[in-house]
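A.B. asks: What follows is the residue order along each chain.
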Amino acid sequence: MIRIPALAVLGFALLASPALAGERAAADVACEPTAEALVYSCTIAVTGRKSAEPVTAKALSVKADMPSMAMAHNLPPASATPVEGKPGHYIATLELEMHGEWALAIEVNGKTAETAARVRDKVIVKQHFAPGHAGAPKQ
Amino acid sequence: MLDDHLIGVLSNMGMISFIALSAYLVLVVGEISFGQQAFFAVSAYASGIASAMWGWPFLGAVLWGAAVAGLAGLLLAIPTLRIRGLYFAIATLAFAEMVRLALEIFTYQVEQDGELVGPNGSEGFRDIRYIYEADISAGEFLLVILALLAATLAIILWIERTRLGAILRMVGEDPVLARLQGVNVNLAKIATVAAAGLVAGIGGALYAHLNTYVEPKIFNVMLGVHGLAYGLIGGLGTAFGPLLGVALDIGVLESTRAFSGYRMIVFGGLVAVLLIVRPRGLLDEAAVYRVRRFLLRKDAGD
Chain A
1 MIRIPALAVL
11 GFALLASPAL
21 AGERAAADVA
31 CEPTAEALVY
41 SCTIAVTGRK
51 SAEPVTAKAL
61 SVKADMPSMA
71 MAHNLPPASA
81 TPVEGKPGHY
91 IATLELEMHG
101 EWALAIEVNG
111 KTAETAARVR
121 DKVIVKQHFA
131 PGHAGAPKQ
Chain B
1 MLDDHLIGVL
11 SNMGMISFIA
21 LSAYLVLVVG
31 EISFGQQAFF
41 AVSAYASGIA
51 SAMWGWPFLG
61 AVLWGAAVAG
71 LAGLLLAIPT
81 LRIRGLYFAI
91 ATLAFAEMVR
101 LALEIFTYQV
111 EQDGELVGPN
121 GSEGFRDIRY
131 IYEADISAGE
141 FLLVILALLA
151 ATLAIILWIE
161 RTRLGAILRM
171 VGEDPVLARL
181 QGVNVNLAKI
191 ATVAAAGLVA
201 GIGGALYAHL
211 NTYVEPKIFN
221 VMLGVHGLAY
231 GLIGGLGTAF
241 GPLLGVALDI
251 GVLESTRAFS
261 GYRMIVFGGL
271 VAVLLIVRPR
281 GLLDEAAVYR
291 VRRFLLRKDA
301 GD
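As given, the protein sequences belong to chains A and B, one line each in that order. Going by my numbering, the first sequence opens with residue 1, and the numbers climb by one from there. Going by my numbering, the second sequence opens with residue 1, and the numbers climb by one from there.
There are no misleading hints in this set.
Just the calculated beta-carbon pair ranges, DEER-fashion:
#1 B:A94 x A:A134: 36 to 42 Å
#2 B:G121 x A:T34: 31 to 37 Å
#3 A:A134 x B:V252: 32 to 38 Å
#4 A:A136 x B:A151: 42 to 48 Å
I should point out that these hints are in silico values taken from the structure, not numbers from a laboratory. These numbers were taken from a predicted model, which means no experiment stands behind them. We put the beta carbon where it would ideally sit given N, CA and C, even for glycine.
Starting from the given sequences, assemble the full structure and let the hints guide the process.
C.D. replies: Here you go:
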């Protein structure tokens with residue numbers, strides 16, 4: 001049941017001018033092919049965009065979408081889990097449907113490791129996946 | 001509670017429904033458009049610029065994007081007034097490609113907080129992050145999409161029940177006869193194409209804000225073909241038709257994930273079969289008439 005106060009808050013948020021909240025995120029993604037066709041293991045390093053501090057979160061969500069077939073050709077979000085001993089590093093497995101250019105939308109909801117600034121952001125990283133090759137940043 | 005994937009699928013269905021309704025409006029006045037994605041694109045960029053660069057509130061940015069898309073519809077409608085059928089379809093496709101190619105070279109950036117923000121040609125337009133700054137969740141944004149879709153659908157359904165709706169159908173069926181009945185066919189077509197642009201524009205503005213980034217490649221002909229096909233699948237007898245088309249297509253695609261990339265072939269097959277079996281879609285005029293008659297009889301029986 002949706003409560004009226006919650007809708008009022010949402011309505012206010014939609015009518016108000018945006019105010020910058022918290023730190024923004026930056027992400028580096030490196031994807032390696034696995035033994036299984038079209039399955040890639042991706043390591044994601046997430047940092048605060050200004051502070052460059054690692055961003056810690058329980059999990060990240062990675063959603064892949066093909067820009068050439070927007071809204072029709074996308075994957076369910078994959079969960080990226082933290083790599084032990086490497087703050088700000090996460091690992092996710094992507095099961096693509098075909099090779100080509102994919103836009104990875106990394107949903108970050110965590111905190112910077114040292115200053116504990118809140119980070120809620122979506123980082124878009126475009127990768128080109130070719131048969132038998134590591135995913136490469138789109139040139 | 002809905003999971004993230006379901007929220008994403010429903011959001012996509014809601015946003016693409018605006019293109020489907022937009023293409024449907026053009027179909028009602030008897031023309032086929034392969035270019036409704038252009039209005040989606042124009043609004044995505046215009047609304048993104050308004051909120052991310054000019055600091056406008058979200059609803060203002062959506063209205064602005066839709067208005068600019070409506071103006072773009074007007075700009076398309078006037079020079080294409082004298083062409084019909086296949087020629088109109090090709091003109092809309094050419095217009096959409098012109099818009100997409102223009103966005104490939106469109107650069108307009110400003111410095112914000114030490115970073116450049118704004119459209120950057122083929123690199124696209126990132127950081128349209130209103131919903132993150134306003135702390136709106138994906139579920140809450142889905143409610144916004146559904147509310148705007150319901151309002152748009154209600155307006156179209158209401159128009160369909162008025163004299164204006166009958167005039168638009170008449171223009172679509174036989175423009176010569178409509179003209180003989182005193183209908184201003186040119187005005188009806190111009191207004192409809194502009195309104196169709198506005199409707200697609202609402203979807204474009206929502207898309208830009210949910211995804212936080214747009215690039216010209218997103219607005220290719222595939223998007224327009226999908227939007228058009230939804231009306232043809234779902235039916236041209238009522239504005240519910242395109243929404244049924246969206247639900248069927250995305251429903252089938254989502255339920256056939258086991259077939260991986262091959263499932264996309266389903267879409268083409270679905271359109272081909274339906275065009276042979278039911279040329280005006282599942283909810284065509286005859287089906288809508290039968291449903292209405294049934295409901296009226298039921299009311300009379302009660």
